[in-house]
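As a plain string of letters, each chain reads:
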Amino acid sequence: MSLRTGRPAEDEDALIPLRFGDDPLLWASWLYYEEGLTQGAIAEQMGVSRPSVNAYLADARSRGIVSIEIAPDRFRTLTIAKALRDHFNLQDCLVIPTDGGERSLINRLGDAGAKVLARNLRSGDTLAVTWGRTVLSLADQISLPGLKDVRVVQATGGTTAKIPWTPEACASHLAKALNARAIPISAPAIVSSAEMRTMLMNEGVLAEQLGILAEAGRIVMGISSLRPESTIHSSGFLDGGMQHSHYQDAVGSLVGRFISARGEPVIGPMHDRTIGLDLDQLRRIPQRIAIAGGMDKVAAILAALRGGFVSVLVTDIATGRGILNAEGYRDLPRRTATAPPPPLNLRSDVKKLINTPKDAVDEALQGVVMAHEKLIVSVAGSTRAIRAINTPQPGKVAVVIGGGAGHEPAFWGYVGAGLADAAVVGNTFASPPPDPIIAATRAVHGDAGVLYIYGNFSGDVMNFEMAAEIMEAEGIKVRSIITTDDIASSPRETRFARRGVAGTIFTFKIAGAAAAKMLPLETCEVLARHANARTYTMGLAFEPCSLPETRQPSFELGPDDMEIGVGVHGEPGVERRRIETADTCADLLLDRILEELPVIEGEEVALLVNSLGSIPISELYIVLRRVRQRLKARGIRVHHSLVGAYYTSLDMAGISLSVLHLDSELKALLDAPCASAALVVQA
Amino acid sequence: MGEFTSRHLVDLFRLIALRLSEARRELGALDGAIGDADHGNAMAEGFAAVVQATSAEDVRAPSEIMAIAGRSFLSAVGATTGPLYASAMLAAAKQIEGKTALSAADVSGLVPAFAEGIAKRGKARPGDKTMMDAWAPAARAVNEAAKAGLSAVDQLRRAEAAATEGREATRAMIAAVGRAARLGARSLGHVDPGAASTVIIIAALQEWLGLQLATADGEGH
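Just so you know, the protein sequences line up as chains A and B, in that order.
In terms of the working numbering, the first sequence is residues 1 to 683.
In terms of the working numbering, the second sequence is residues 684 to 904.
One thing to keep in mind: the hints can contain errors.
Stated by the list, open to error - Across the chosen pairs, the derived CB separations fall in these ranges:
hint : chain 1 : residue 1 : chain 2 : residue 2 : range
1    : B       : Asp837    : A       : Glu469    : 38 to 46 Å
2    : B       : Glu827    : A       : Glu469    : 34 to 42 Å
3    : A       : Ala364    : B       : Gly832    : 52 to 60 Å
4    : A       : Ala214    : B       : Lys806    : 41 to 49 Å
5    : A       : Met518    : B       : Lys806    : 37 to 45 Å
6    : A       : Gly475    : B       : Lys806    : 49 to 57 Å
Read the hints as simulated data drawn from the structure, not as lab findings.
The model shown is predicted, which means the values in this text are computed figures rather than measured ones.
For each residue, glycine too, the CB sits at the ideal point set by N, CA and C.
Produce the complete structure using the sequences and hints provided.
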């Protein structure tokens, strides 16, 4: 250690070690923040006064030599907590990170709730407590044995339900941890009639217990969602009474009572049968600590806040942000962030080459059948149904595909020999109604059954199902394949809920080839399902699309942003981030697909690099190149690559990547000859 | 008071079509936030098709006009709203079957009938962030107001208030069915466009019945 003390101030410069150059501010900052010296010790080492050190440090901050950063996650919890506290006029609010490693959200919320309670609870307090998993978790994590004369009282009657988090358990665990006296409510939470409740409440023991409950100065409580997945339904607590229509306005439950979205009490037949705190009494308790988190609870927590039933809230970031979003709050800008660029380039009316929006779909289809008259023709009497010229073919399964307009060349582009027999088109991005589906089915079926193939969208499912029912009633056998290749739209566990997007054309091809081989309906169905199950698609967009009717962008995207996981109807995606290079974009899409794709080294795939409308073809090839490089590095062979606008979303500037995981059966069907407007495979 | 024939029903459809047409952009913008921006057009075109189909008919029973309305809406729209509103109108047709003219109470009774038809077809649950979150409370409001002896116009007024509240409540919901379901938590804070158009339809019902009764009263004096 080389302390040089007592030097006069004018020698200061000479004392600065070389690595700090001539900069006393940097030196002072280093000693303070990196070496952890006190200002007094720094003054001594630098040979200046303590006030000088103080001034150096302040200067260093204002000149940006030192920047103090709060970890972004911590910072978010603070800003969200502050916004919640201000907006809902709370005494206090604690927001914890949503993701926290091993421990479940309930356990971490219980832990946070325990800290809040420990900070507030005083000797002599009467504390009411409700029931539930979060409350029990709090009781099991708090330890505060030093207080005196604390009473813990059940906020409601009890239940015999076989759950660990009954009112009795929550109150007794908490009383034990606080070394407090436990006051039960010696009656069921819900009794058989209003008369029974009146009788019980006049009983001496219960009347005394309820009297203590009325003295509670604090309460800790959970908030229940009434969504079907909520544990409140399986807890046995509600005794089936919730099914009653009186409770249809209820969005949440507090202390066994029900509240509407506006936070008003919902009074139903259970009201007079419930023993415990009512909502008016609850609101009069001076400190009301609610602990609740989870996206399914947003509506319930918001209702409780609006109703003024909560004075201290403990929740997590995602839930807190959800509540604020639902109230119309936006994320607060970071303190250090520069102002975001003004939204440039917000298109007002997009230019369209059409006559009138109303006629656009029909006029385009008229042009389509003219352009491809050697392949396809309109179904008689239906402008929205198109069939292959040589249909029906007796003994062959007929493949009927369809969906909204705006995906051209889907769906008419895949009608022809070795592919679909007919395609049905609705309005822009809207499923066709049953009528044209029925017309197409009647026109092309060859007495071997009909296979419907369409993407998984609620409108398409409803309309195709209605058509299938009517066809079955006419004695035409129909099987339906609902495609689900879009990875972004739902997690792997709920794959059946995913959208059907560009990868659907692989399923068209496989089903068409199977039908052309005169395979029976059941076999065609199995093969098509097999193809769909092995197809994965992921998309992104630089610009939204615009509908002919609105001529407005379907969503807004900043000048430097891209949207990941967009749908094929101009729906926004699942994530937004800054635009990247073509290779990074290709990696982003491929990596998501590889996470799910069970391909092993040496196996084969087919690729589709698809333009969603207005990405130049040359850029698609840049992406294909990168995808092929990556697959080669992984030892996956590419049997076939399709590059182009195969399944679009009007004029969206975006791409999608689809991968079909081949096996020998699928490979043979993919290679079978076909001839349609958008896809030709030579024999 | 208030005896309404099929001609009146056509007139009612015309008002609904007009109000929806005026709200095209607004509904489209709501839909753009969480869907494909097409809801305004689909609803406006659908009711325009209903007006066209029903006004071309010679006088028929109100229930037949209602059934024609359902079928024409379905054919014009398809999509999700097509089957849902077709089911609504077919449920309403069933409810007014056998009547040659409708009372004011029959008109307010269209709200619960529509709600029932939509619920059956769509199977959405409360809180799923769909048009049901406006239709269901509106239907309950009509039933309760009728029980309390309120006039048909007042029943519809209550229904409009309940539907409006339901529409606002969809902001706090995460879409569970339909296209917006794929957005997950990003649908928070946005009003469901289907619930928004529900409010417009019920408001139009209320407005139309009010106008009819006012005119009828005027003639009486």
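Item to complete: For Met518 of chain A and Lys806 of chain B, compare the CB-CB distance with the range 37 to 45 Å and indicate the outcome.
Response: Since the Cβ atoms of Met518 of chain A and Lys806 of chain B sit about 38 Å apart, the hinted range of 37 to 45 Å holds.
Discussion item. Tell me if the beta carbons of Ala214 of chain A and Lys806 of chain B are separated by a distance inside 41 to 49 Å.
Written reply: holds (45 Å)
Fill in: Pairwise beta carbon distance, Ala364 of chain A to Gly832 of chain B, judged against the given window 52 to 60 Å
holds (56 Å)
Worksheet entry | Cβ separation of Asp837 of chain B and Glu469 of chain A, checked against the hinted range 38 to 46 Å | Cβ of Asp837 of chain B to Cβ of Glu469 of chain A: about 41 Å, so the range 38 to 46 Å holds.
Discussion item. Holds or violated: the 34 to 42 Å window for the beta-carbon distance between Glu827 of chain B and Glu469 of chain A?
Written reply: holds (36 Å)
Worksheet entry | Gly475 of chain A paired with Lys806 of chain B, Cβ distance criterion 49 to 57 Å | Cβ of Gly475 of chain A to Cβ of Lys806 of chain B: about 28 Å, so the range 49 to 57 Å is violated.
Taken one by one, the earlier hints fail for this structure only at number 6.
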